[in-house]
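Chains D and Y are the protein sequences, given in the same order.
Here the first sequence stands for residues 1399 to 1850, numbered as in the numbering used here.
Here the second sequence stands for residues 519 to 764, numbered as in the numbering used here.
Incorrect hints may have been included.
Here are some, though not all, of the chain D residues that point toward chain Y, as calculated from beta-carbon distances under 7 angstroms [stated by the list, open to error]:
(1) A1406
(2) W1439
(3) E1440
(4) T1749
(5) C1751
(6) S1753
(7) A1792
(8) N1830
(9) D1832
(10) P1834
Some chain D residues flagged as far from chain Y (calculated, every beta-carbon gap over 12 angstroms) [what the hints assert, rightly or not]:
(11) Q1552
(12) G1622
(13) Y1662
(14) T1723
(15) K1739
Cross-link-like lysine-lysine pairs, in silico, DSBU-like; alpha carbons within 35 angstroms at most [what the hints assert, rightly or not]:
(16) K607/Y to K1825/D
(17) K1428/D to K751/Y
(18) K607/Y to K1794/D
(19) K602/Y to K1826/D
(20) K607/Y to K1803/D
(21) K602/Y to K1777/D
(22) K1850/D to K632/Y
(23) K1825/D to K751/Y
(24) K1739/D to K1794/D
(25) K607/Y to K1736/D
(26) K1790/D to K602/Y
(27) K602/Y to K1400/D
(28) K607/Y to K1691/D
(29) K751/Y to K1803/D
(30) K1825/D to K1803/D
(31) K1794/D to K602/Y
If you're looking for bench data, these hints aren't it; they were derived computationally from the structure.
Ideal Cβ placement from N, Cα and C applies to all residues, glycine included.
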Amino acid sequence: MKHPEAAAGFVADSAKSSWHDQALWGVRTKRDAAVSAIPEWEELREQGARIKAWSLAHLDDLLVQFEAQCQQNGIVVHWAADGPEHNRIVHGILAKHRVKKLVKSKSMLTEECRLNEHLEAQGMEVIDTDLGERIVQLRHEPPSHIVLPAIHLQKEEIAETFHKTMGTPADMTDETELTRAARKDFRERFLQAEAGVTGVNFAVADKGIVVVCTNEGNADLGAGLPRLHIACMGIEKIIPKFDHLSVFTRLLARSATGQPITVYTIHFHKPKPGGEMHVVIVDNGRSALLGRKDFRRSLGCIRCGACMNTCPIYRRSGGHSYMATVPGPIGSTLAPSKDPKTHDSLPFASTLCGSCTDVCPVKIDLHQQLLAWRGELVKMGYGDRKKIRSMKLAGKVLSSPTLYKLAGIGARIALRGPRFVLPSEAKKWLTNRDLPPVPEESFRARYRRHQK
Amino acid sequence: MRVGLFIPCYVDQFFPSAGMATVELLENHGCDVAFPEAQTCCGQPMANAGCSGDAAAAARHFVDTFSGYDYVVSPSGSCVAMVKHQYPKIVGNAASSVVSKTYEICEFLLDVVKVTQLQASCSKLVAIQMACHGTRELRLATGSERPALPTFSKPRQLLEMVDGMQLVELQRPDECCGFGGLFSIDEVDVSCAMGDDKLSDFQQARAELVVSTDMSCLMHLGGLSSRQDRGLKFAHIAEVLNGDWA
Chain D
1399 MKHPEAAAGF
1409 VADSAKSSWH
1419 DQALWGVRTK
1429 RDAAVSAIPE
1439 WEELREQGAR
1449 IKAWSLAHLD
1459 DLLVQFEAQC
1469 QQNGIVVHWA
1479 ADGPEHNRIV
1489 HGILAKHRVK
1499 KLVKSKSMLT
1509 EECRLNEHLE
1519 AQGMEVIDTD
1529 LGERIVQLRH
1539 EPPSHIVLPA
1549 IHLQKEEIAE
1559 TFHKTMGTPA
1569 DMTDETELTR
1579 AARKDFRERF
1589 LQAEAGVTGV
1599 NFAVADKGIV
1609 VVCTNEGNAD
1619 LGAGLPRLHI
1629 ACMGIEKIIP
1639 KFDHLSVFTR
1649 LLARSATGQP
1659 ITVYTIHFHK
1669 PKPGGEMHVV
1679 IVDNGRSALL
1689 GRKDFRRSLG
1699 CIRCGACMNT
1709 CPIYRRSGGH
1719 SYMATVPGPI
1729 GSTLAPSKDP
1739 KTHDSLPFAS
1749 TLCGSCTDVC
1759 PVKIDLHQQL
1769 LAWRGELVKM
1779 GYGDRKKIRS
1789 MKLAGKVLSS
1799 PTLYKLAGIG
1809 ARIALRGPRF
1819 VLPSEAKKWL
1829 TNRDLPPVPE
1839 ESFRARYRRH
1849 QK
Chain Y
519 MRVGLFIPCY
529 VDQFFPSAGM
539 ATVELLENHG
549 CDVAFPEAQT
559 CCGQPMANAG
569 CSGDAAAAAR
579 HFVDTFSGYD
589 YVVSPSGSCV
599 AMVKHQYPKI
609 VGNAASSVVS
619 KTYEICEFLL
629 DVVKVTQLQA
639 SCSKLVAIQM
649 ACHGTRELRL
659 ATGSERPALP
669 TFSKPRQLLE
679 MVDGMQLVEL
689 QRPDECCGFG
699 GLFSIDEVDV
709 SCAMGDDKLS
719 DFQQARAELV
729 VSTDMSCLMH
739 LGGLSSRQDR
749 GLKFAHIAEV
759 LNGDWA
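Using the sequences and the hints given, assemble the complete structure.
Structure below.
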């Protein structure tokens, strides 16, 4: 299935689609309010963009520096070329410690690598501890948003899930009560866990520090209680200096939810006394993306989700319609670099309105990348072949004044005539929309009279 | 000052009054307007479909047709953004003879002609449909995404010069209408949902007339409104500035 069909399914429930749109627009509005309180916001974005650009240009040196600093701090560093290697490494560390139960805070990287499936297949129990992620885990669904994983669900649906899986009363739909039930369930699981896996928001090269940002404190508890902590990160999470960190912590939460800062921002410097800390650094297609001039800036993404909240298509079509680990505008530029055939409709799931580019806290030229991807995909032989053939014809007609005039006359006659002679594109337009009344004269005919 | 007028292909065929209003506005403000008959299309439909090779022929033709004028002016922010932002990528240096002198009509009137008053009136309650490429590529107005910057809006500034102008305030003033060229066909369901939401926003603000810098948004919104008998009217901003909606 491609995006238009998946989107049509979500939009068909217009009440839910509209609720989803308004919920996310609410987040966008909070972001706007937080941004207006920072007069230097645009300069801050510029700083963020420049630090990321510099980091990506010096990634090789910074990663080596980060590894050395981590080792000095007593953190064990592992390198994984792809998802399967990452999963093997994580499993290896857990197996060595005979771990059967682990807790995991939010990490889009482990979603990307499908770590949970891998560990579960080997008999381990993985509990996602971000509340939204836990909800989708209980429903055997992927997250539909990178910051708000269960935003596609209304509280009644969550109540039903909790009723089935945790035995809460069927009619308990109050948000606070549902959250309390989840917290009680979580508490036991945190205490039983033998290891904690976390993602990484920022990896500080000059100090060998791993920074994790959450609102629920679940990463702190998950990494702090068990003896073993494994932090998984993509190579692009590096920032050069500790001094740069505040630029990103100021940008991240304001862009994500309109908060001045995430409720918890933990800096992991070294293993806890008597414990072990591991960092797994993963490539999985990132260095190939770094080699693509038009698209490398997408590696600067700090996963705030602002482009999703602002995207008028995402808000109405829902995150699952993208069928990619990361949905929305950033996902639509990341996914084709991994698998262009599967994701060839995503760069077209955009009006190129440019709102994503303007909210991005690190100034990724998202809508320009989506446009550039369209060209790449057509060159690679993907996309709608019929449309591409008609574009070839349009290119010929629209570069020749004579053919253009004839086509204009033809179109005006055809649109006055019976509808069955119209091409399928015009029919699709006409399913929900009228066409403008066809005027007696074209502009150029009127202009000729005006000149006389 | 010799102004070469670029009328987008679909405006030429379907919205001649938007084109004529642009001609009259420019002439009334002392511009020597010429409409080169050889013009066709800026090439945006092909470029946005990923067929930049097919767009290049149209782009080169545009450059050949317009390079001799002092200015190129068009009643479409989207086509102008195509020329200014995409031509350098598609046809390289050849674009340099048109890129810096191509203007959307509102920015041309304010920034080049320096219009400070208009001979026009309007009695309707008017909503502005801020077209995306005008807002976020040409920066005709401060986008709602950048609230830390000083607020301005060129279309609003011009409309406020119209006698009796009553502008209504929208809940989402620069949300995309959902047209997006071929998007309106490829993603017809999302496209129409977006359009419906815009129409509801216009109506909750009690707008009677919706104006835009781009007829393409209005073709989509007008098509939806007419199918649903919403009773809204739509006009290109040039028509209102020219006094056609007195």
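Going down the list of hints, with the structure as the test:
For A1406/D, the interface hint holds, the least distance from its beta-carbon to any beta-carbon of chain Y being 4 angstroms, beneath 7 angstroms. Interface hint status for W1439/D: upheld, as the beta-carbon distance to the closest one in chain Y is roughly 4 angstroms, under 7 angstroms. The interface hint given for E1440/D holds, since its Cβ lies 6 angstroms from the closest Cβ of chain Y, which is under the 7 angstroms cut-off. Evaluation of the T1749/D hint against chain Y yields a held restraint, the C-beta minimum of about 3 angstroms falling below 7 angstroms.
A distance limit of 7 angstroms between C-beta atoms decides the matter here; for C1751/D the minimum to chain Y is near 4 angstroms, and the interface restraint holds. Checking S1753/D against chain Y: minimum C-beta separation of about 6 angstroms stays under 7 angstroms; hint holds. Hint status for A1792/D: holds, given a least beta-carbon distance of 6 angstroms to chain Y, under 7 angstroms. The beta carbon of N1830/D is positioned within 7 angstroms of a beta carbon in chain Y (closest approach about 5 angstroms), and the interface hint is therefore held.
A cut of 7 angstroms between beta carbons decides the hint on D1832/D: the least distance to chain Y is about 4 angstroms, and the hint holds. With its C-beta approaching chain Y no nearer than about 5 angstroms, P1834/D sits inside the 7 angstroms limit, and its interface hint holds. The beta carbon of Q1552/D sits about 18 angstroms from the closest Cβ of chain Y, which is more than 12 angstroms, so the claim that it is off the interface holds. With a least beta-carbon separation of about 37 angstroms from chain Y, G1622/D lies farther than 12 angstroms from that chain, consistent with its non-interface assignment.
No beta-carbon of chain Y comes within 12 angstroms of the beta-carbon of Y1662/D; the shortest separation is about 27 angstroms. Every CB of chain Y lies more than 12 angstroms from the CB of T1723/D, the least distance being 21 angstroms, so the non-interface label holds. Its beta-carbon lying about 15 angstroms from the closest one in chain Y, K1739/D satisfies the requirement of being farther than 12 angstroms from that chain. The suggested pairing of K607/Y with K1825/D holds, with an alpha-carbon distance near 33 angstroms, which does not exceed 35 angstroms.
Pair hint K1428/D plus K751/Y holds up; C-alpha atoms about 33 angstroms apart against a cutoff of 35 angstroms. Between the alpha carbons of K607/Y and K1794/D the distance comes to roughly 20 angstroms, so the proposed pair stays at or under 35 angstroms and holds. Taken as a hint, the K602/Y and K1826/D pair is honoured in the structure, with Cα atoms around 31 angstroms apart against an allowance of 35 angstroms. Our distance criterion of 35 angstroms between C-alpha atoms is met by K607/Y and K1803/D, whose separation comes to about 28 angstroms.
Taken as a hint, the K602/Y and K1777/D pair is honoured in the structure, with Cα atoms around 24 angstroms apart against an allowance of 35 angstroms. Among the hinted pairs, K1850/D with K632/Y is consistent with the structure: their alpha-carbon atoms are about 29 angstroms apart, no more than 35 angstroms. Between K1825/D and K751/Y, the direct Cα distance comes to roughly 24 angstroms. Compliance with the 35 angstroms bound is thereby established for this hinted pair. Between K1739/D and K1794/D, the direct Cα distance comes to roughly 28 angstroms. Compliance with the 35 angstroms bound is thereby established for this hinted pair.
Between K607/Y and K1736/D the alpha-carbon distance is near 25 angstroms, which keeps this suggested pair within the 35 angstroms criterion. A hinted pair counts as satisfied when its Cα atoms are at most 35 angstroms apart, and K1790/D with K602/Y qualifies at roughly 23 angstroms. For the suggested pair K602/Y and K1400/D, the alpha carbons sit about 32 angstroms apart, so the restraint of at most 35 angstroms is met. Simply put, K607/Y and K1691/D have alpha-carbon atoms about 14 angstroms apart, close enough for the 35 angstroms limit, and the pair holds.
As the CA atoms of K751/Y and K1803/D are separated by approximately 29 angstroms, the hinted pair is consistent with the 35 angstroms bound. Between K1825/D and K1803/D the alpha-carbon distance is near 23 angstroms, which keeps this suggested pair within the 35 angstroms criterion. Under the criterion of a C-alpha separation no larger than 35 angstroms, the hint pairing K1794/D with K602/Y is consistent with the structure, at around 22 angstroms.
In this structure, none of the earlier numbered hints is contradicted; all agree with it.
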